[in-house]
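A.B. asks: Kindly generate the complete structure, drawing on both the sequences and the hints.
Those protein sequences? They're chains P and W, same order as listed. Here this note's numbering is used: the first residue of the first sequence is 1, the next is one more, and so on. Here this note's numbering is used: the first residue of the second sequence is 1001, the next is one more, and so on.
Among the hints, erroneous ones may be present.
Unchecked claim - Pairs of lysine-lysine, PhoX-like flavour, derived with a Cα cap of 25 Å:
(1) P/Lys151 with P/Lys141
(2) P/Lys145 with W/Lys1076
(3) P/Lys50 with P/Lys137
(4) P/Lys103 with P/Lys69
(5) W/Lys1042 with P/Lys151
(6) P/Lys151 with P/Lys137
Treat the hints as calculated values from the structure; they're not laboratory data. Given the structure is predicted, the values throughout are model-derived calculations rather than measurements.
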Amino acid sequence: MFKVDIKKELGILPRSIWAFHCNSGSCNGCDIEIVALLTPRYDIERFGMKLVGTPRHADALLVTGPVTKYMTDRLRRIYAQMPNPKVVIVVGNCGASGDVFYKSYNLDGPVDQILPVDVYVHGCPPRPEAIIDGVAKAILKLEEKREELLKTGGATNA
Amino acid sequence: MTIGTIYTGFGYWNVYAWVMFFALGALIVLCIRSTGRNDYEKGTYQDEVFYGGNPVPQDGQDLAVPASSSYWGFTKAIASFYDLLVGVHTGILSDYMGLLIATAAVISLLILL
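C.D. replies: Printed below as a string of structure tokens:
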């Protein structure tokens, strides 16, 4: 019989995950799929996940696009503005590898050349289910980081 | 001098009531503020205003959006009227006195005729 330790399950996530979305030069395909998560069909807000308007409120950074030179500093600054612990989720092939743009003269990316990436969600664009799966994996990584911070004395109430 | 209550035709004003409401408001603000996160690393980007990922301008003027921006279309539509009004407001007292006398003269004429 499958047993769920509800105390442990709830302990993993002290509060809902909030994400900030940064388009670092995407064609908008992935961005549309991220927005689709908010529609009644997927409705991620029922899990408490939501997109926030500032990185200062975010636990996760969703990055789409292969990171153009113009966006490099901005992406770094956005990541730096997020409170610890934080995770980076790359949504789409462009952010993961550059995809069809990988030889472009105007790229500093892909994202892992700029930021430490925790979760890759592949696809061009990835399906909303895949993004939800990526966020679920990110929650586990976030929990690991939170525990690490608590052990090292880094105060956090995330 | 005694501190009392001022009654008007519409209500009253009392300094103690005002201080009490101010303290109550401050308490509510502090309660809301205490729910925020306090683990930001001071002196880093985490402490800074989010400005769309761009560097925050050091000059406050570059950050400010003047209230007049909200009715820009209105002022643009009747710009000739505003230009006239702005032109009249020279900041020189004798000009204002002259306008007052001229306006009083015109109103007097209208009343008398």
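A.B. asks: Now tell me, hint by hint, if it's right for this structure.
C.D. replies: Results for each hint:
1. With a C-alpha separation of about 15 Å, the suggested pair P/Lys151 and P/Lys141 falls inside the 25 Å cut-off, and the hint holds.
2. Taken as a hint, the P/Lys145 and W/Lys1076 pair is broken in the structure, with Cα atoms around 54 Å apart against an allowance of 25 Å.
3. In summary, the hint linking P/Lys50 to P/Lys137 is supported, as the alpha carbons are separated by about 16 Å, within the 25 Å threshold.
4. With a C-alpha separation of about 13 Å, the suggested pair P/Lys103 and P/Lys69 falls inside the 25 Å cut-off, and the hint holds.
5. Of the pairs offered as hints, the one joining W/Lys1042 and P/Lys151 holds, with about 20 Å between alpha carbons and a cut-off of 25 Å not exceeded.
6. With a C-alpha separation of about 22 Å, the suggested pair P/Lys151 and P/Lys137 falls inside the 25 Å cut-off, and the hint holds.
Checked against the numbered hints given earlier, the structure breaks only hint 2 and satisfies all the rest.
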